[in-house]
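Trainee: Each chain, written out:
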Amino acid sequence: MSRIATCFAHLKQQNKKALIPFFTAGDPTPSKTVPLMHAMVTAGADIIELGVPFSDPMADGPTIQRSSERALENHVGLKDILGMVQQFRQDNKTTPVVLMGYANPIEAMGYEKFAQQAQAAGVDGVLTVDYPPEECTDFLECLAQHNLDPIFLLAPTTVDARIAAVARAARGFVYYVSLKGVTGSANLDLRAVQTRLSELRRHIQLPIGVGFGIRDGAMAKAMAEFSDAVVIGSRIVQEIENASPETVVARVETLVKSIRTAMDS
Amino acid sequence: MQVYDLPDPRGYFGPYGGVFVAETLMQALEELKLAYEHYRFDPEFQAEFTYDLKHYVGRASPVYYAKRWSEQLGGARIYLKREDLNHTGAHKINNTIGQALLAKRMGKKRVIAETGAGQHGVASATVAARMGMECVVYMGSEDVKRQSPNVFRMKMLGATVVPVESGSKTLKDALNEAMRDWVTNVDSTFYIIGTVAGPHPYPMMVRDFQSVIGHEALAQMPALTGRQPDAIIACVGGGSNAMGIFYPYLGLQDVRLIGVEAAGLGLASGKHAAPLNAGTPGVLHGNRTYLMQDENGQIIETHSISAGLDYPGVGPEHAWLKDSGRAEYVAVTDQEALEAFHDLCRFEGIIPALESSHALAHAAKIAPTMHRDQILLVNLSGRGDKDINTVAALSGITL
Ligand SMILES: Cc1ncc(COP(=O)(O)O)c(C=O)c1O
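Here the protein sequences come in this chain order: A and B. Take 3 as the starting number for the first sequence in our numbering and just add one per residue. Take 489 as the starting number for the second sequence in our numbering and just add one per residue.
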């Protein structure tokens with residue numbers, strides 16, 4: 003069983019929901035990435051979503067855009083990030099790591115080379131924002147050969163026919179984008195998400211995570227009532243942005259812990 | 489001969505094109521595709537489009553023999569397709585009329601656009617004013633500075649101009665920001681993309697709307713010169729004016745099609761905007777095409793004297809025409825474009841856009857190597873009034 007499947011099975015036994023923090027690799031500096039990952043696990047993260055910075059993050063709001071820019075100023079590329087995951091794996095063999103980013107850095111590396119090196123590094127899943135399933139058949143084959151789970155997004159605008167198609171291509175879990183907008187938006191409608199998730203469950207057997215616009219423990223707890231996982235991105239990136247290099251790891255750990263506590267209460 | 493019927497139903501021109509967008513936009517693009525497929529061959533839609541092009545834009549645009557300039561250069565005779573004479577001063581209006589008619593039929597009350605030189609922004613603001621739609625234009629803050637006359641025009645036309653401060657603060661960043669707006673307001677908003685790039689169906693749709701340029705030329709050239717030209721030359725930013733004039737000529741194998749990219753400070757300097765000459769394939773802004781990128785797949789900053797060519801990608805159909813060999817792509821430096829700009833002013837009394845000056849500069853390069861009986865047709869995609877600040881500054885003059 004894959005690390006992601008094992009993780010969700012384990013949580014189910016404990017009657018808990020997954021907490022998935024997101025941050026951009028290389029932000030604030032490359033040397034903080036692995037310590038931040040470990041700190042998140044210590045604080046109660048179940049899966050880590052590691053952002054791969056891109057020069058043109060079209061689906062991201064200002065907070066994650068700025069984190070991408072900081073990471074790129076530090077010259078962090080996909081290859082470096084695979085190295086960071088490998089380093090993380092030396093001390094952590096169980097927490098799944100999902101890479102989240104855009105298609106072009108993967109295109110530049112080449113599908114086969116990427117999939118092979120990601121597997122070797124200990125990556126578990128790959129979410130590529132601008133690869134809808136229709137456009138990445140060859141890539142999906144490479145991922146499958148290397149036991150990497152393709153994570154796909156579903157949106158408020160996704161129609162039934164597409165939900166089924168996405169469900170067929172997806173492995174690991176499915177990521178429901180809780181609002182129409184970019185990451186970090188603030189117009190989240192809890193009831194609408196709840197209704198939508200019950201519709202999605204008719205087509206989807208995999209666990210469903212919810213993300214975009216979840217900013218605190220209370221919101222995370224509310225979402226966890228009807229989803230299998232909660233993804234928190236911009237709020238964590240904001241904490242990284244506001245911290246100094248000395249305090250960043252501790253501050254992120256405190257934040258993740260407070261969200262975990264709220265979710266489990 | 490094989491019939492050219494690209495893109496395929498999934499929006500591909502060979503390996504280029506496609507729909508590489510976040511899930512939230514997939515349904516909006518599907519709806520747009522269906523709407524366009526319906527109206528593309530709808531006689532009433534086409535009649536309204538043709539009527540507007542004639543009575544509002546002022547089409548057909550003339551073809552003009554640049555006799556004095558041709559004789560000065562010696563060699564081939566140079567003809568100019570005068571898109572600069574269109575209402576609002578460039579070819580961009582052909583496309584915005586078409587997309588606005590579609591937006592109206594789709595019941596959208598708000599349009600957004602990205603712009604580099606400001607010509608597409610002005611053309612979008614113009615059609616929005618005419619149809620009583622709200623219009624928001626995203627423009628890199630760098631371009632807001634260098635194309636200030638167009639910023640003022642957009643505001644007079646009632647549009648909101650949003651300066652974009654992220655990334656390189658030019659056209660590509662304006663496009664990113666427009667995409668973010670669209671994701672957020674997808675139900676109410678129609679995104680008018682200004683060139684033959686973006687996800688399917690945009691490259692096809694914009695090409696179709698712009699192909700009025702080539703269709704007119706097909707009839708005008710024989711009437712004027714007794715035959716079709718030996719070569720057609722057009723500048724390539726995203727590639728819409730070039731696709732517009734090339735497309736109807738694709739089947740005429742004897743007519744060379746030459747696209748001119750911006751070589752900026754020179755291809756060797758790295759400071760240019762010439763992905764077809766010096767880039768590699770990748771995925772950006774919804775399609776697979778040639779891009780200017782580094783070894784990590786990050787898009788690199790471009791440079792061109794002309795804001796409208798300052799873009800790291802290019803429409804996927806041009807990528808295909810390059811690979812298939814049907815069209816050739818060359819590049820012209822800032823300096824060469826400026827010389828052509830001044831020459832056209834002095835010899836023909838026409839102030840060309842800096843974008844179009846790139847096509848003119850290539851004509852000036854090859855005309856002397858050709859015979860007097862040979863004919864070049866240059867797409868003069870726009871007029872240069874918007875560029876007077878840039879040109880004045882380069883001559884050390886403050887207006
Ligand atoms: C006059 C003019 N020509 C050309 C272009 C470049 O666009 P395209 O390559 O789509 O024709 C622009 C873009 O702003 C323009 O204003």
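These are computed hints drawn from the structure, not numbers from a lab. Misleading hints may appear alongside valid ones.
[As the list claims (entries may be wrong)] Under the rule of at most 25 Å between Cα atoms (straight-line distance), these lysine-lysine pairs were calculated in the DSS-like manner:
id: 1; chain 1: B; residue 1: K853; chain 2: B; residue 2: K759
id: 2; chain 1: A; residue 1: K182; chain 2: B; residue 2: K643
id: 3; chain 1: A; residue 1: K182; chain 2: B; residue 2: K596
id: 4; chain 1: B; residue 1: K521; chain 2: A; residue 2: K182
id: 5; chain 1: B; residue 1: K759; chain 2: B; residue 2: K633
id: 6; chain 1: A; residue 1: K259; chain 2: A; residue 2: K223
id: 7; chain 1: B; residue 1: K592; chain 2: B; residue 2: K643
id: 8; chain 1: A; residue 1: K18; chain 2: A; residue 2: K223
id: 9; chain 1: B; residue 1: K597; chain 2: B; residue 2: K643
id: 10; chain 1: A; residue 1: K81; chain 2: A; residue 2: K14
id: 11; chain 1: B; residue 1: K592; chain 2: A; residue 2: K182
id: 12; chain 1: A; residue 1: K95; chain 2: A; residue 2: K259
Trainee: All hints are to be evaluated individually against the structure, with a verdict given for each.
Mentor: Structure-based check of all given hints:
1. B:K853 to B:K759: Holds - the C-alpha atoms of K759 (chain B) and K853 (chain B) are around 22 Å apart, at most 25 Å.
2. A:K182 to B:K643: Violated, at about 28 Å.
3. A:K182 to B:K596: Satisfied, since the Cα-Cα distance of roughly 17 Å is no more than 25 Å.
4. B:K521 to A:K182: holds (20 Å)
5. B:K759 to B:K633: holds (20 Å)
6. A:K259 to A:K223: holds (13 Å)
7. B:K592 to B:K643: Holds, at roughly 22 Å.
8. A:K18 to A:K223: holds (11 Å)
9. B:K597 to B:K643: The given pair, whose Cα atoms are some 18 Å apart, holds under the 25 Å limit.
10. A:K81 to A:K14: Outside the cut-off at roughly 34 Å; violated.
11. B:K592 to A:K182: holds (23 Å)
12. A:K95 to A:K259: Cα-Cα ~21 Å, so holds.
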